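Number of protein chains: 2
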Amino acid sequence: MKAEVLSIGDELLIGQVINSNAAWIGEQLARIGISVGRMTTVGDSLDDILQAFERARSECAVVIVTGGLGPTHDDRTREAVLRFFNTGLRLDEDALTDIERFFAERKRPLSDRNRDQAMVPALARTLRNMRGTAPGYHISDDRGQFFVLPGVPTEMKGMMERDILPLLASAAPTPRAVITVLSTGIPESTLADTLEGIDTLLPDTAVAFLPSLHGVRLRLTATRDTADAARHAVDTLADFVLTRVGEHVYGRDTESMEQVLVALLRAQGKLLAVAESCTGGLITDRLTNVPGSSDCLERGVVAYSNRCKSDMLGVPPLLIAEHGAVSREVAEAMAEGVRLRAGTDIGISTTGVAGPSGGSDEKPVGLVWIGISSPDGTEARAFHFGTDRLTVKARAAQAALDAVRRLLLHLPLFSTQ
Amino acid sequence: MKAEVLSIGDELLIGQVINSNAAWIGEQLARIGISVGRMTTVGDSLDDILQAFERARSECAVVIVTGGLGPTHDDRTREAVLRFFNTGLRLDEDALTDIERFFAERKRPLSDRNRDQAMVPALARTLRNMRGTAPGYHISDDRGQFFVLPGVPTEMKGMMERDILPLLASAAPTPRAVITVLSTGIPESTLADTLEGIDTLLPDTAVAFLPSLHGVRLRLTATRDTADAARHAVDTLADFVLTRVGEHVYGRDTESMEQVLVALLRAQGKLLAVAESCTGGLITDRLTNVPGSSDCLERGVVAYSNRCKSDMLGVPPLLIAEHGAVSREVAEAMAEGVRLRAGTDIGISTTGVAGPSGGSDEKPVGLVWIGISSPDGTEARAFHFGTDRLTVKARAAQAALDAVRRLLLHLPLFSTQ
Chain B
1 MKAEVLSIGD ELLIGQVINS NAAWIGEQLA RIGISVGRMT TVGDSLDDIL
51 QAFERARSEC AVVIVTGGLG PTHDDRTREA VLRFFNTGLR LDEDALTDIE
101 RFFAERKRPL SDRNRDQAMV PALARTLRNM RGTAPGYHIS DDRGQFFVLP
151 GVPTEMKGMM ERDILPLLAS AAPTPRAVIT VLSTGIPEST LADTLEGIDT
201 LLPDTAVAFL PSLHGVRLRL TATRDTADAA RHAVDTLADF VLTRVGEHVY
251 GRDTESMEQV LVALLRAQGK LLAVAESCTG GLITDRLTNV PGSSDCLERG
301 VVAYSNRCKS DMLGVPPLLI AEHGAVSREV AEAMAEGVRL RAGTDIGIST
351 TGVAGPSGGS DEKPVGLVWI GISSPDGTEA RAFHFGTDRL TVKARAAQAA
401 LDAVRRLLLH LPLFSTQ
Chain Y
1 MKAEVLSIGD ELLIGQVINS NAAWIGEQLA RIGISVGRMT TVGDSLDDIL
51 QAFERARSEC AVVIVTGGLG PTHDDRTREA VLRFFNTGLR LDEDALTDIE
101 RFFAERKRPL SDRNRDQAMV PALARTLRNM RGTAPGYHIS DDRGQFFVLP
151 GVPTEMKGMM ERDILPLLAS AAPTPRAVIT VLSTGIPEST LADTLEGIDT
201 LLPDTAVAFL PSLHGVRLRL TATRDTADAA RHAVDTLADF VLTRVGEHVY
251 GRDTESMEQV LVALLRAQGK LLAVAESCTG GLITDRLTNV PGSSDCLERG
301 VVAYSNRCKS DMLGVPPLLI AEHGAVSREV AEAMAEGVRL RAGTDIGIST
351 TGVAGPSGGS DEKPVGLVWI GISSPDGTEA RAFHFGTDRL TVKARAAQAA
401 LDAVRRLLLH LPLFSTQ
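Those protein sequences? They're chains B and Y, same order as listed.
Just so we're aligned: 151 in the numbering used here is position 151 of the first sequence, and the numbers increase by one with no gaps anywhere.
Just so we're aligned: 68 in the numbering used here is position 68 of the second sequence, and the numbers increase by one with no gaps anywhere.
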């Protein structure tokens, strides 16, 4: 079953908005076994939309359209649907109720423009919008399935998850299951060597290695006669991964390291304190993106100056003078210092050369020391994270968070690669 | 002059990679007066690529293709170019020299696969790749301009900026100039009211309001007979904006608030210290993304606990008990405390309810107090930033950074809206 994703909006063509909707839809469809053959973006022009509708319908059994359903005159998608399917408008009472409630909850007056969004193409089934005002449309006929959704990502995702993906999954010809296993601290090539044989373990399965700054994601896919059998097959692959590289696996699917870590810290009733130099606040920024992080993060210190390292973390100035701020000794003193001063169970630290300047032969750009301290002791390790400043920050933050995960799970504190 | 942007790669269709290339190219072309009529993404299939080539060429005078030029067998774009233009391969000596140097500089062995990338379509002019190994191709004929670029963003951007944009700009039928003026601290509707009349100030100009979490970007466009005249017209519009809402304008085009601020602090020789509660490190993370920030950022404190607010910032526990951690009094004490303890010229603070829980009728989710302190005094103001946790963090960080900008420029410390 082939699909086309059609995005509508001038703001996409002029680069004002990056088309993350299309990628998200592609990823979700791939998970249920539907291949996207093409993604197309056109502007808010009736002719261009109609031409794109015709082309998509003639080639793909599933067409998912997003954008152009808003209440202003720039939005032409509803009009295009009326013309393309040669249908009129009808009032959808449920949609009107949803729209009225949306405005009532926000204590905002309901305008005629918004009320008009409850007028939908007569032959379409409507898809409820729980997060905004424009309902979606679903038209099913002998040429296939045609869906029209708002361009606002949260509204589009709500309809996809609630209505469209379950419907398409049940209609997919070959049941497929997908798990993404999230690894970190092991390079792609080492991971591939260690997992040698996984691609021939079971028939009709696939393993994809997807590297990123936070580690390598492993996407495991299986197609079977039933959804249960497909699920069982990917579970077998995931178990194989855990057996071979378990200590490097921190989560699954859409989990983030910070979510995993906040859950672990809260479950164990542990408090964390963070002392960052080269990561500059990125570690605590990521942790505090997670609701409930205030239960387990006591404080963070961004110790960008040597004076601050001494004042707030108790790192002896002589230690810095002797070894330099980027050193095992200072990383350990920072981790232990922040832990003791904060009175927490765990302290973590980063100190490195983020670049682009400040490197030397002995301490090149990309060198980062990560320290971790608990009542059981304090350790640090040197990493080399490349030469791009933002890359160095991102990879160092991930490695530091991973060290805390390893401590909490009684694994070796640092990956051995 | 119409353009199509054609992106090639299975990784785009399955949502592994978000297509930021197409948006960037669309934005750059818009700046020089070329409209993108359509963006298309297809996978690494020869048939799909050839079909997309034909369609793009038949409708658009400019076609920009990215992706599929890598050294592995998945990459089919070069083969598609050979078939589509019915041409063979030739060795490009300059490309080979570039590739050899690329590997020599990285002390990595040069493989045959990479050497083969210097074999280019015989009728194409090559575009040098200063950041990778695959050269780009430029084919110009009576049907128009056809460009093929690598999919790696930095490599693609290098070729666009160095070769393609200057070439297309000089060939554009109508010279156009674009400036994006960056504003913050003023809502879109207020901005539109205050700038009333700007759209009729000069003929053949356009003003677009582009809201984001960091403020409203104003894109000013003018088309004229000459590039100089177009430039003069957008400068006139920009001056109009500065006259009306100058204090809200922090930068232009691709500048970020943190870049502007680091430049200002360094120019004035001022040191900053940051005390963050609800923003959780985002302020220092953004500042430390800027090279040279170590010259002007002395320290940051992420004071997530009340104990830390007292220990590290000197906020009296009684003050917190009396007014609550989210209050004018605590915001001011945090900003002054971090400034005095760090010995800096400026201290900035945030304390608020980021949500989703922790709100009350008196202090709802989204309430954020921002404090700023200098030898001239200490002030704080309350903001309401909505109910989504990441939105609250992003908007609060931007407002806090803007308060520092205002202090350095001797403007009122907080926007009056």
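Hints in this document: simulated from the structure, not taken from any laboratory.
You may find that some hints are simply not true.
Chain copies aren't distinguished; within one or between two, either way the pair holds.
Derived DMTMM-like pairs (lysine to aspartate or glutamate); straight-line CA-CA distance at most 25 Å [stated by the list, open to error]:
| no. | residue 1 | residue 2 |
| --- | --- | --- |
| 1 | 107 | 311 |
| 2 | 270 | 54 |
| 3 | 2 | 193 |
| 4 | 107 | 94 |
| 5 | 270 | 47 |
| 6 | 363 | 105 |
| 7 | 107 | 188 |
| 8 | 107 | 193 |
| 9 | 2 | 161 |
| 10 | 157 | 116 |
| 11 | 363 | 79 |
| 12 | 363 | 253 |
Note that the structure is a prediction, hence the values are computed from the model and not measured.
Results for each hint:
Taking CA atoms no more than 25 Å apart as the test, residue 107 paired with residue 311 passes in neither setting, with 50 Å inside one copy and 42 Å between copies. Neither within a single protomer nor between protomers do residue 270 and residue 54 lie at most 25 Å apart by alpha-carbon distance, with minima of 58 Å and 61 Å respectively. For the identical chains of this complex, residue 2 and residue 193 are neighbours neither inside a copy (34 Å) nor across copies (48 Å), given an alpha-carbon limit of 25 Å. Taking CA atoms no more than 25 Å apart as the test, residue 107 paired with residue 94 passes inside one copy only; the shortest distance there is 20 Å, against 66 Å between copies.
When the C-alpha separation of residue 270 and residue 47 is checked against a cutoff of 25 Å, the pair qualifies neither within a copy, at 60 Å, nor between copies, at 56 Å. Taking the shortest alpha-carbon separations for residue 363 and residue 105, only the inter-copy value of 19 Å comes in at or below 25 Å, while the best intra-copy value is 57 Å. In this assembly of identical chains, the alpha carbons of residue 107 and residue 188 lie at most 25 Å apart only when taken from different copies (20 Å versus 52 Å within one copy). For a Cα distance limit of 25 Å, the shortest separation of residue 107 from residue 193 across copies, 23 Å, qualifies, whereas the shortest one inside one copy, 59 Å, does not.
When the C-alpha separation of residue 2 and residue 161 is checked against a cutoff of 25 Å, the pair qualifies only within one copy, where the shortest distance is 19 Å, while the shortest distance between copies is 37 Å. With identical chains, the CA atoms of residue 157 and residue 116 are at most 25 Å apart within one copy only, with a shortest distance of 23 Å there and 43 Å across copies. Taking the shortest alpha-carbon separations for residue 363 and residue 79, neither the intra-copy value of 63 Å nor the inter-copy value of 44 Å comes in at or below 25 Å. Taking identical chains as interchangeable, the C-alpha atoms of residue 363 and residue 253 are never at most 25 Å apart, the minima being 37 Å within one chain and 36 Å between chains.
In summary, the structure is inconsistent with hints 1, 2, 3, 5, 11 and 12 from the numbered list given earlier, while agreeing with the others.
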